[in-house]
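K.L.:
Start from the sequences and build out the full structure, keeping to the hints where you can.
What follows is the residue order along each chain.
2 protein chains.
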Amino acid sequence: MQKLRVELGERSYSIVMDSNILSGLGRALERFEFSRKVALVSNPTVYGLFGKEITESLKGSGFDLLEVIIPDGEKYKSLSSAEMIYGELLKAKLDRRSCLIALGGGVIGDLTGYAASTYMRGIDFIQVPTTLLAQVDSSVGGKTGVNHSLGKNMIGTFWQPRLVWIDISTLKTLPPREFCSGLAEVIKYGVIWDREFFNMLEASREKILALDEVTLIEVIRRSCEIKAEVVSQDERESGLRAILNYGHTVGHAVETLTGYTRYLHGEAVAIGMHAAARLSNVLGLMDEKQVLRIKALIEACGLPTEVPANIRDEDVLSAMQLDKKTVSGTLRFVLPEKIGSVRIQADIRAEEIIKAIRD
Amino acid sequence: MQKLRVELGERSYSIVMDSNILSGLGRALERFEFSRKVALVSNPTVYGLFGKEITESLKGSGFDLLEVIIPDGEKYKSLSSAEMIYGELLKAKLDRRSCLIALGGGVIGDLTGYAASTYMRGIDFIQVPTTLLAQVDSSVGGKTGVNHSLGKNMIGTFWQPRLVWIDISTLKTLPPREFCSGLAEVIKYGVIWDREFFNMLEASREKILALDEVTLIEVIRRSCEIKAEVVSQDERESGLRAILNYGHTVGHAVETLTGYTRYLHGEAVAIGMHAAARLSNVLGLMDEKQVLRIKALIEACGLPTEVPANIRDEDVLSAMQLDKKTVSGTLRFVLPEKIGSVRIQADIRAEEIIKAIRD
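Same order as they appear, the protein sequences are chains A and B. My numbering puts the first residue of the first sequence at 1, with every later residue one more than the last. My numbering puts the first residue of the second sequence at 1, with every later residue one more than the last.
Just so you know, these hints were derived from the structure itself, not from any lab. One should not assume that every hint holds.
Note that the list lumps identical chains together, so a pair holds whenever it fits in one copy or between two copies.
For lysine-lysine, the following DSS-like pairs were computed, each having C-alpha atoms within a straight-line distance of at most 27 Å [unchecked claim]:
hint, residue 1, residue 2
1, K75, K91
2, K37, K152
3, K52, K172
4, K37, K91
5, K152, K93
6, K37, K59
7, K207, K338
P.N.:
Below is the structure:
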């Protein structure tokens, strides 16, 4: 069993990872001072696969369990779903010492964390991420949120979980395309922070795609470790944490312009990472050889690298302006200087961005 | 100009108070690093009285001002109103460095603070409280929230304002009943924390009711000072802060059982403070003379002291069980030991509570 610590003072917490550990969650929660009443939030697909194991574990440890099932899909990451959760918690009389357990991918994790952060001015929650993307990214770091009709993740909080419980066995039932989408964020960590990790990913890509357990645990552990390190230094994204948005500026624009239907999040980020790498090269910050290595690893993981030809340049530019990270109209790019190191740069001319995207 | 500091590390902020200072708000905000785009949230009544002065001040300092007007009334302290605010902020492109300004009483302050705490994972906000209750209580301390159909303030966050700007001149237009309701919280501070302040309130009650400026500023300053001291020691109500709930246990029950229509919040708290003082006496914690002094001051401020006869004892008991402060079914009372000092006590028998209420 691997264990990491996210250091955030009184909000510090552990990330535990191994295979086949869902049935151990009840025992792990006994050491916290929660009320007996806790709630599991999940969706029908994930609950169908892992619900029985988790609920038996929690009940076996004496918890009085409420189950809240939210329909599948990003469109349920909404204020209405949060309101539905509040209602269920109030009817079942969950109190300030109750805890919510998020069993699922990013939608369930973000929504449950948001509900936890706003129920009775904030109660505890536990992340049990069941997708690779959630395991290496969204379950760690305390960003919660729901979508608004005028923008994704526009409503949210910073609210750290008390524990992240990662069972890599859940990845066996994950559709391959979803798995690959998660790999985009893994590659991101190599590019922004750790050249050796990037090398390891290049060398191990076949084992990763074959879901080799030892390799997977190593990949997830190192990804979480990097994210934890960045988040520990800048919990609320006032500085360093912004480097985690590498690939997300163009990525979000591509997602918006394709109506969130054509690409999974990681696929759009993959396109954005390649675009940002090329932009670095256009600006003379990084040599072409490293751009090609990044591109090759993205492609080897079954991910796209190019902004679709039918999207207009000016639409990409204006979609980027609407990004939540834009402050007073100034757009900031996360640009690699070499594999393992990035910088943040503002005031890049539109022609250079277009050149990077369309070269 | 009186100025107090609420010490909360990086979340510290000032409370500024004086008469006729609404027109100085713009200048005061210039020293913060806000975006030019800010939003004023108010209701039609308060906006009608003070909107022009505030908006001119903000525009005069170069702010690009969005105005969001929420209809009057507690029923608009809701998730729907928060959603409406989010929509207006997004349409006007307020960003992470924008700030919200709450101009109004507790409903506007709590709602605006809640919206600020959840918009783009939290933006800054300023409290400009215009009722006595908001000036001495709800605008200080960072409790934000909206109501749920199953309970008041059930959805909320702890989110500190960046500045509290108290213009006591706004009290001149406040209906006398609302003013008296605010005095309940003022009396509370004397009972829980400061015997001399209680003595001063007894001696100055006529000046207070006549809105004498010098006296009012002194009363509001000391109230805010006590609240700030308590909140600084326990921001999230894990211990000491609970003493601020003196009078609120029975008070909330009375509000619930009368459908929030018969009593203003402070009136219900006044009834609850008297009940808790009597409960102290029933339990042998405080002599009757001090109970009678508390009762006399409450009455002198035009506030009620008795639970209505048509409310059944068992309904009071069960309504208290639903209180948000109840954890794992255990109810805690804040009980005075003498004027100026309270203790928190659990496991009080129902008969004793009824005896205190009905004696």
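K.L.:
Run every hint past the structure and note whether it holds.
P.N.:
Now the hints, each set against the structure:
1. K75 - K91: both (25 Å within a copy, 20 Å between copies)
2. K37 - K152: between (32 Å within a copy, 21 Å between copies)
3. K52 - K172: within (17 Å within a copy, 62 Å between copies)
4. K37 - K91: Classified as within: same-chain Cα gap 12 Å, cross-chain 40 Å, threshold 27 Å.
5. K152 - K93: between (31 Å within a copy, 14 Å between copies)
6. K37 - K59: within (10 Å within a copy, 51 Å between copies)
7. K207 - K338: within (26 Å within a copy, 72 Å between copies)
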